[in-house]
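Protein chains: 2
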Amino acid sequence: MKTVSTEGYQTGRINDARAFFASCRALIDSQLDRLIPQEPEEPIRVHSAIRWSLFAGGKRFRPALLLATGQTFGAGADLLLRTACALEMIHTYSLIHDDLPSMDNDDLRRGRPTCHVKFDEATAILAGDALQTLAFQTIAEDENLSAHLRVQMIAEIARSAGTPEGMVAGQALDLDAESRAVTKAELERIHHYKTGALVRAAARCGAILAGANESELAAVTEYATNLGLLFQITDDLLDVTATAEDLGKTPGKDARSLKATYPALYGIEATHAHLEAVHRAACSALKSIERPTELLRSIADFIRERQT
Amino acid sequence: MKTVSTEGYQTGRINDARAFFASCRALIDSQLDRLIPQEPEEPIRVHSAIRWSLFAGGKRFRPALLLATGQTFGAGADLLLRTACALEMIHTYSLIHDDLPSMDNDDLRRGRPTCHVKFDEATAILAGDALQTLAFQTIAEDENLSAHLRVQMIAEIARSAGTPEGMVAGQALDLDAESRAVTKAELERIHHYKTGALVRAAARCGAILAGANESELAAVTEYATNLGLLFQITDDLLDVTATAEDLGKTPGKDARSLKATYPALYGIEATHAHLEAVHRAACSALKSIERPTELLRSIADFIRERQT
Numbered sequence: 041m042k043t044v045s046t047e048g049y050q051t052g053r054i055n056d057a058r059a060f061f062a063s064c065r066a067l068i069d070s071q072l073d074r075l076i077p078q079e080p081e082e083p084i085r086v087h088s089a090i091r092w093s094l095f096a097g098g099k100r101f102r103p104a105l106l107l108a109t110g111q112t113f114g115a116g117a118d119l120l121l122r123t124a125c126a127l128e129m130i131h132t133y134s135l136i137h138d139d140l141p142s143m144d145n146d147d148l149r150r151g152r153p154t155c156h157v158k159f160d161e162a163t164a165i166l167a168g169d170a171l172q173t174l175a176f177q178t179i180a181e182d183e184n185l186s187a188h189l190r191v192q193m194i195a196e197i198a199r200s201a202g203t204p205e206g207m208v209a210g211q212a213l214d215l216d217a218e219s220r221a222v223t224k225a226e227l228e229r230i231h232h233y234k235t236g237a238l239v240r241a242a243a244r245c246g247a248i249l250a251g252a253n254e255s256e257l258a259a260v261t262e263y264a265t266n267l268g269l270l271f272q273i274t275d276d277l278l279d280v281t282a283t284a285e286d287l288g289k290t291p292g293k294d295a296r297s298l299k300a301t302y303p304a305l306y307g308i309e310a311t312h313a314h315l316e317a318v319h320r321a322a323c324s325a326l327k328s329i330e331r332p333t334e335l336l337r338s339i340a341d342f343i344r345e346r347q348t
Numbered sequence: 041m042k043t044v045s046t047e048g049y050q051t052g053r054i055n056d057a058r059a060f061f062a063s064c065r066a067l068i069d070s071q072l073d074r075l076i077p078q079e080p081e082e083p084i085r086v087h088s089a090i091r092w093s094l095f096a097g098g099k100r101f102r103p104a105l106l107l108a109t110g111q112t113f114g115a116g117a118d119l120l121l122r123t124a125c126a127l128e129m130i131h132t133y134s135l136i137h138d139d140l141p142s143m144d145n146d147d148l149r150r151g152r153p154t155c156h157v158k159f160d161e162a163t164a165i166l167a168g169d170a171l172q173t174l175a176f177q178t179i180a181e182d183e184n185l186s187a188h189l190r191v192q193m194i195a196e197i198a199r200s201a202g203t204p205e206g207m208v209a210g211q212a213l214d215l216d217a218e219s220r221a222v223t224k225a226e227l228e229r230i231h232h233y234k235t236g237a238l239v240r241a242a243a244r245c246g247a248i249l250a251g252a253n254e255s256e257l258a259a260v261t262e263y264a265t266n267l268g269l270l271f272q273i274t275d276d277l278l279d280v281t282a283t284a285e286d287l288g289k290t291p292g293k294d295a296r297s298l299k300a301t302y303p304a305l306y307g308i309e310a311t312h313a314h315l316e317a318v319h320r321a322a323c324s325a326l327k328s329i330e331r332p333t334e335l336l337r338s339i340a341d342f343i344r345e346r347q348t
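First to last, the sequence lines map onto chains A and B. Okay, so the first sequence: first residue is 41 according to the numbering used here, each after it adds one. Okay, so the second sequence: first residue is 41 according to the numbering used here, each after it adds one.
By construction, these hints were calculated from the structure, which means they are not laboratory data. Be a bit skeptical, because a hint or two may be false.
Just so you know, same-sequence chains aren't split out, so a pair can sit in one copy or run between any two.
[Stated by the list, open to error] EDC-like, lysine to aspartate or glutamate: derived pairs with alpha carbons at most 20 Å apart:
id	residue 1	residue 2
1	Lys158	Glu82
2	Lys158	Glu183
3	Lys224	Glu82
4	Lys99	Asp146
5	Lys158	Glu256
6	Lys224	Asp146
7	Lys327	Asp118
8	Lys327	Glu205
9	Lys327	Asp147
10	Lys158	Asp216
11	Lys224	Glu334
12	Lys99	Glu262
The task is simple: from the sequences and hints, build the whole structure.
And the structure:
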């Protein structure tokens, strides 16, 4: 089994989200590098495409949230790391497929050509497909976890990634909404699945791996539901207010393509007020947890204030 | 948990492949129907697309092979059925994605419009993605299996579906070969992964679920490797010799698009000789198994003689 040293992982002593994300990132990137076939290995083009999209400077938000939640409930990185990487693989596969011409048709992501632009559409489809497969394989082969925990992780992530209550369902609802006006309830529903489901899975997987009890898991789920919403609202706001250089993608694209966004439905001012309410709800959910939740609270602050 | 009655499953007494396939089919279709979200459930379009492709009159070859191998080593259908359905979901997701314009660009499959023609490209991509997720979820949630067996099944199927040694790797090698001449060794390699890997997984999963020992598993793997090749060779031959009505797709398409095929490389006559050699190898592999292998042998005969 491929393993990675977690010696440099000092996040146990970090309660500040920015420092925590920085600390996690090298660890996650290093483990991902070990899990993905090297480029000289055939089929070279697909492996290059996977690496192009997976190592594109992503924030590693989902795996870091899994590590943060796991740490909050007392689990070490060795128990959490491969599931965290699997989540990032699922997230990256979804970005590759969402960017395709027949989906969101994006040429640029994180300041670089998207996968199908850099390579070609067929390769991008296969790279996404292979990444999804590898995510589940990574958990199934994780010898640090009992078979029971592996099965729980796979079921949790599959439910959050698929349909009818996961990420693919959200993307389908979002595509369906492009050609017509959506209500606020529909917008919440789209995000609850499209971004929310995987963020919830990240927090829940960390808590389950660390042995959190039912009421703790419920609180974590509530926290993560609001965190996912917070992430989406700041995403929508950044699309309106940020420059292309900040974003690494074309700003204002969502508004132009009539995509359902918070500013489009609520206006900028009311969106900011909504952002604050959702942030309060996230922090409030943490109160019932009798553990040191400073890091999780700091992550909510960090998301609220993010500029990229 | 959704279950299905296996009362009508009388395959334990069937040693003829044609009758066995017929007997399995209703069982598999009925279980698949229970595992896939119903069409009225949102997102409706994706669920309709999944059902369009999954219930398109497929032969259910892979799940039936899993059931046949499991039965050979003494397992009942209740132990095998969900993993069998998961394999069919993986196979169907691959058909949906392979048919896309940027891949093989097929408009017709089994006499009906392909998924992206009937619906649209975005829906077809999402339907394939969701089916892959559901395959792994189906096994992870299979309460008839121990956690240990579920993990084994997921790892086995993931390795056979992904890269560098699975179906996606085979499809990538195949696409790469389209624009140039390939050697016989390359052709075998493409098929070893593209169709072979999932056929091997079907037979191996059945044997593992039934508790076959290491040497039995090795023999089953050898049998299935040749069976997969047999399937591919007859596929290539049918593309040359059959009519559109027989195939439900445009014949001769592979030859026209310069796809690597056995008749193109070997000529028709030598391909038939190769077919016989591979059939003999499949049957020979069964000899070391001290179980009633008549059904597995009949399946090899059935594939050799198939006309669709």
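Now for the hints, and whether the structure bears them out:
{"no.": "1", "hint": "Lys158 <-> Glu82", "result": "within (18 Å within a copy, 34 Å between copies)"}
{"no.": "2", "hint": "Lys158 <-> Glu183", "result": "neither (35 Å within a copy, 43 Å between copies)"}
{"no.": "3", "hint": "Lys224 <-> Glu82", "result": "between (47 Å within a copy, 17 Å between copies)"}
{"no.": "4", "hint": "Lys99 <-> Asp146", "result": "within (19 Å within a copy, 38 Å between copies)"}
{"no.": "5", "hint": "Lys158 <-> Glu256", "result": "neither (44 Å within a copy, 46 Å between copies)"}
{"no.": "6", "hint": "Lys224 <-> Asp146", "result": "neither (25 Å within a copy, 39 Å between copies)"}
{"no.": "7", "hint": "Lys327 <-> Asp118", "result": "neither (28 Å within a copy, 46 Å between copies)"}
{"no.": "8", "hint": "Lys327 <-> Glu205", "result": "neither (27 Å within a copy, 48 Å between copies)"}
{"no.": "9", "hint": "Lys327 <-> Asp147", "result": "neither (43 Å within a copy, 56 Å between copies)"}
{"no.": "10", "hint": "Lys158 <-> Asp216", "result": "between (28 Å within a copy, 16 Å between copies)"}
{"no.": "11", "hint": "Lys224 <-> Glu334", "result": "neither (32 Å within a copy, 62 Å between copies)"}
{"no.": "12", "hint": "Lys99 <-> Glu262", "result": "neither (23 Å within a copy, 45 Å between copies)"}
Figure legend: structure checked against the earlier numbered hints; hints not met, in rising order: 2, 5, 6, 7, 8, 9, 11, 12.
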